[in-house]
Amino acid sequence: MMVVYALYGVAALLVLAPLAIALGRSPRGSAVIYGASLIVTLTLGMIALLNLFEYSGRVSVVSLPLGLPWLGAHFRIDALAAFFLVVVNLGGAAASLFALGYGQHEDSPQRVLPFYPAYLAAMNLVVMADDAFSFLVSWEFMSLTSWALVIAHHRIKENLQAGYVYLLMASFGTLALLLAFGLLAGSDGNYAFDAIRATHANGGLAALVLILVLIGAGSKAGVVPLHAWLPLAHPAAPSHVSALMSGVMTKVAVYGFVRIVFDLLGPPDWWWSMVVLGVGGITAVMGVLYALMQHDLKRLLAYHTVENIGIIYIGLGLALAFKAHNMPLAAALALTAGLLHVFNHSVFKSLLFFGAGSVLNATGERDMEHLGGLIHRMPQTAFVFLVGCVAISALPPLNGFVSEWLTFQAILLSPQLPSWGLKFLVPAVGALLALSAALAAACFVKAFGVTFLGRASTPAAQAAKETDTNSLAAMFFLAALCLVAGILPGFFIDALAPVTRSLVGISMPHQAGVEWLSIVPIAESRSSYNGLLVFIFIVFSGTLAASAIHRLASDKLRRGPAWDCGYPDPNPATQYTASSFAQPIRRVYGTSVFRAREIGEMPAPGSILPARLTVKLRDLIWDAAYAPVADGIGYASEKLNSLQFLTIRQYLSLVFAALVLLLLVLAIWP
Amino acid sequence: MAVIREFVFQGAEMLLVLLLSPLLTGFVRKMKARLLQRQGPPLLQPYRDLIRLMRKEVVLADGASWLFRVNPYIIFAGTWVAASLVPTFRSGLLFSWSADLIAIIALLGSARFFLALAGLDVGTSFGGIGSSREVMIASLAEPAMLMIMFTLALIAGSTQLSTMAAFMLSSEVGLRVSLGLALLALIMVAIAENARIPIDNPATHLELTMVHEAMVLEYSGRHLALIDLTSELKLLLYVSVIGCVFTPWGIAAPDSSPLALAVGFASYVGKLAVGGMLLALFETAIAKMRVFRVPAFLGAALMLGLLGTLLLFVSRSL
Numbered sequence: 035m036m037v038v039y040a041l042y043g044v045a046a047l048l049v050l051a052p053l054a055i056a057l058g059r060s061p062r063g064s065a066v067i068y069g070a071s072l073i074v075t076l077t078l079g080m081i082a083l084l085n086l087f088e089y090s091g092r093v094s095v096v097s098l099p100l101g102l103p104w105l106g107a108h109f110r111i112d113a114l115a116a117f118f119l120v121v122v123n124l125g126g127a128a129a130s131l132f133a134l135g136y137g138q139h140e141d142s143p144q145r146v147l148p149f150y151p152a153y154l155a156a157m158n159l160v161v162m163a164d165d166a167f168s169f170l171v172s173w174e175f176m177s178l179t180s181w182a183l184v185i186a187h188h189r190i191k192e193n194l195q196a197g198y199v200y201l202l203m204a205s206f207g208t209l210a211l212l213l214a215f216g217l218l219a220g221s222d223g224n225y226a227f228d229a230i231r232a233t234h235a236n237g238g239l240a241a242l243v244l245i246l247v248l249i250g251a252g253s254k255a256g257v258v259p260l261h262a263w264l265p266l267a268h269p270a271a272p273s274h275v276s277a278l279m280s281g282v283m284t285k286v287a288v289y290g291f292v293r294i295v296f297d298l299l300g301p302p303d304w305w306w307s308m309v310v311l312g313v314g315g316i317t318a319v320m321g322v323l324y325a326l327m328q329h330d331l332k333r334l335l336a337y338h339t340v341e342n343i344g345i346i347y348i349g350l351g352l353a354l355a356f357k358a359h360n361m362p363l364a365a366a367l368a369l370t371a372g373l374l375h376v377f378n379h380s381v382f383k384s385l386l387f388f389g390a391g392s393v394l395n396a397t398g399e400r401d402m403e404h405l406g407g408l409i410h411r412m413p414q415t416a417f418v419f420l421v422g423c424v425a426i427s428a429l430p431p432l433n434g435f436v437s438e439w440l441t442f443q444a445i446l447l448s449p450q451l452p453s454w455g456l457k458f459l460v461p462a463v464g465a466l467l468a469l470s471a472a473l474a475a476a477c478f479v480k481a482f483g484v485t486f487l488g489r490a491s492t493p494a495a496q497a498a499k500e501t502d503t504n505s506l507a508a509m510f511f512l513a514a515l516c517l518v519a520g521i522l523p524g525f526f527i528d529a530l531a532p533v534t535r536s537l538v539g540i541s542m543p544h545q546a547g548v549e550w551l552s553i554v555p556i557a558e559s560r561s562s563y564n565g566l567l568v569f570i571f572i573v574f575s576g577t578l579a580a581s582a583i584h585r586l587a588s589d590k591l592r593r594g595p596a597w598d599c600g601y602p603d604p605n606p607a608t609q610y611t612a613s614s615f616a617q618p619i620r621r622v623y624g625t626s627v628f629r630a631r632e633i634g635e636m637p638a639p640g641s642i643l644p645a646r647l648t649v650k651l652r653d654l655i656w657d658a659a660y661a662p663v664a665d666g667i668g669y670a671s672e673k674l675n676s677l678q679f680l681t682i683r684q685y686l687s688l689v690f691a692a693l694v695l696l697l698l699v700l701a702i703w704p
Numbered sequence: 003m004a005v006i007r008e009f010v011f012q013g014a015e016m017l018l019v020l021l022l023s024p025l026l027t028g029f030v031r032k033m034k035a036r037l038l039q040r041q042g043p044p045l046l047q048p049y050r051d052l053i054r055l056m057r058k059e060v061v062l063a064d065g066a067s068w069l070f071r072v073n074p075y076i077i078f079a080g081t082w083v084a085a086s087l088v089p090t091f092r093s094g095l096l097f098s099w100s101a102d103l104i105a106i107i108a109l110l111g112s113a114r115f116f117l118a119l120a121g122l123d124v125g126t127s128f129g130g131i132g133s134s135r136e137v138m139i140a141s142l143a144e145p146a147m148l149m150i151m152f153t154l155a156l157i158a159g160s161t162q163l164s165t166m167a168a169f170m171l172s173s174e175v176g177l178r179v180s181l182g183l184a185l186l187a188l189i190m191v192a193i194a195e196n197a198r199i200p201i202d203n204p205a206t207h208l209e210l211t212m213v214h215e216a217m218v219l220e221y222s223g224r225h226l227a228l229i230d231l232t233s234e235l236k237l238l239l240y241v242s243v244i245g246c247v248f249t250p251w252g253i254a255a256p257d258s259s260p261l262a263l264a265v266g267f268a269s270y271v272g273k274l275a276v277g278g279m280l281l282a283l284f285e286t287a288i289a290k291m292r293v294f295r296v297p298a299f300l301g302a303a304l305m306l307g308l309l310g311t312l313l314l315f316v317s318r319s320l
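Top to bottom, those sequences are chains A and B. Just so you know, we're using the working numbering here: the first sequence kicks off at 35 and counts up by one. Just so you know, we're using the working numbering here: the second sequence kicks off at 3 and counts up by one.
The shape of chain A in the complex, shown without the other chains (with noise of 0.2 angstroms):
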């Protein structure tokens, strides 16, 4: 019953749609729409929390009569589709309530409003799909929804720009999901999952489908190479719409991934767990150094979302790892990681990019280097702000340690692996991780201080005014959810359980009843972790301290002028900026990888004009892999245009041609 009230809620939003387009000019519009989003999202938040709770993942189904007439529309929800529904609607719960105040400021609502709803349903239908026809309709659903809302501020060139490289390779993605999909369904046809999962492919077959999947899921994900769309695509979306995508549609594509390659694909071989971790590996430290070279704050966060999604697949290579050598505790612990943290990526990164809408609205700047001295201008939006700066850097006591600490500690399983390729492999993805991780420290020191702490560069940074109460609401609720997740861990690892056990077969042992809440994964004297424990621990000595020298020391303040070093600058432009912030790190990494060149031109003595210094970067991955096949087909296209102007016997006889090869192939063909 679970799927068809599900259902509803998905319908009611598919209705919400065309009222949007009604209602689009209207005055009350957005706060109709978004306010009808948050009560929908939130019941169907409810629905899959009910069903991971309450009925401990109970698989529920329903087939529709639409579609394909001999197949029919197949929904389901079951463990691993509620957990997902949980993230899809907390998400989409927090962006409309984000909206009903960031959406007044809207310019164009009538271009945003009816797409909204809509990809709101198209992401829910993904995750409830049973079938490869509702799942590829509703996934390439979502891709034309958020694309629509891509390009929502058509008139900025950038935009359009992105929505183009967005939807061609949106579509690429989709086709080889179809591939995917054709090969897994065999000759016979068989689409719906639950045929797929009875015959399992064999060895090269599923090999095939493993990398169409890591192509056609990994390039929603934004996994390197495929991630060029992405940090065009979703800063150029409104802000609760980037969060949605950044925070949610990620996550979908890691779905249609866990759900196709643990669900249905059958038992892995080790391999694929090779191909997995690599992937994810690079991809976690691409993501941040990429992010550590922008200075655009929206464009910063889509980075990270790339590095955030390669954690993940190092918990998911690991998870198929430890399943394909029979080693089920492991793999359930490190498939628990890897889930944990899409759920916890998805919290701090929609908060981090409200926070950036929230600036973007009071300043109408992105740019970091035209920012700055927020946090006295917008005290409590830094303040969430910086909840979601720890969080993301996978800082005690907040919540990403934690998913990274599981992480950790499935690597450190890992050398009862038996095969030899992943005993050299894991230890470098181990120091991948480790290495992305202090590089999200030192990137997210920069996005929170350039922003928002030194002096105001310009003067809309001076005059920027606290956001409004709807969008502090959501930000405070989603900083409070990542303290919540970061000391009480227990709990939400024991929420994963039944997905786990659908998937690999057994689940981590009970945390709930542990000893002081802490979190235990194989035995207490391997390793344990207490967040609120720590946590107190460092309220309390904080408060110790402070109280401790106030009262038997000096509490006596005075305000004076800055002393650096006996040389301060009243100009604003001498303090650092997000550039010169990351100039160490760029020399120490940017020569690789980047082939970064720092060219200074310094003028003759006497001469009048201004010395410079220009930084510049190469994008290795585009040059290689998107330059040359978007120059090929300006080559092709170019050459090909000369067949708009045949005659029309030529046109016939071109027709002729083809109809005699067709002829040809036919007759050769065994």
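Hints are computed from structural coordinates only; laboratory data are not their basis. Among the clues, some could well be false.
As the list claims (entries may be wrong) - Under the rule of at most 16 angstroms between Cα atoms (straight-line distance), these lysine to aspartate or glutamate pairs were calculated in the EDC-like manner: (1) A:650 x A:632; (2) A:590 x B:59; (3) A:650 x A:672; (4) B:34 x B:285; (5) B:58 x A:589.
Starting from the known structure of chain A, fit chain B onto it as the hints suggest.
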């Protein structure tokens, strides 16, 4: 009763690290001075400095935000918690299982995160230079530390420091190449993390070479006292970690007699003294390196850690 006793021990540990850390710094300074044929400041000078700073008023820069004022307490609390979870003279502390070595590394990471933010808060160029260099150094030191943790955890089969110390005491360890690599890497990381020569100079205020000192340039009074105490705590923490894992001799078991506790305490002080002496000797013997040679230094530490881990992964099946 037992719980109360454990609470007392945990409290004693927290107090002990807090009280000993300025002494360790004073000892290193004294040693360095003696090696240079100078008299040097008295051993207790760091305590006097801290008390003097605490009593002074804070001069806060005009553009400083609330974060700037809260930060010293956050940084101090994070480091103090991390330091009091490392077994010093007695293993099996009440709360030691609440954070393993990964969590201790991450707690230090949190402290550094907020310290780097403090450097950017006032919007001066020196604060920025310190923060940006600090995060560059950390971006290599932290992964190196995690790889060392991997090596140790794989050998001991646990990420808990108490269990690691117990395992190292048992006879099954033997001499291992990985352990040697990990020790070397850990010493390199400890030098970098504590802003010692050759990475950074704790005694300089020469602008172009500063990293740590540049970040905290705007702090004064009680805030500066806390920041100084935090760096002293951090030095003590690293010496304790090295002592607890690589020279675990003397650490008292959880349920041992007062005599064993006294032995544990004496051996801990002895380890600190030896560590401080070696640090002073090393710092006197070496020259500071350029900032952009630091990545090579720390990259070597990272590679050593990775090599140690890789050896363990491979040798398991042999």
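To see whether the hints hold, each was checked on the structure:
{"no.": "1", "hint": "A:650 x A:632", "verdict": "holds, 6 angstroms"}
{"no.": "2", "hint": "A:590 x B:59", "verdict": "holds, 5 angstroms"}
{"no.": "3", "hint": "A:650 x A:672", "verdict": "violated, 31 angstroms"}
{"no.": "4", "hint": "B:34 x B:285", "verdict": "holds, 8 angstroms"}
{"no.": "5", "hint": "B:58 x A:589", "verdict": "holds, 9 angstroms"}
The earlier numbered hint that this structure contradicts is number 3, and it is the only one.
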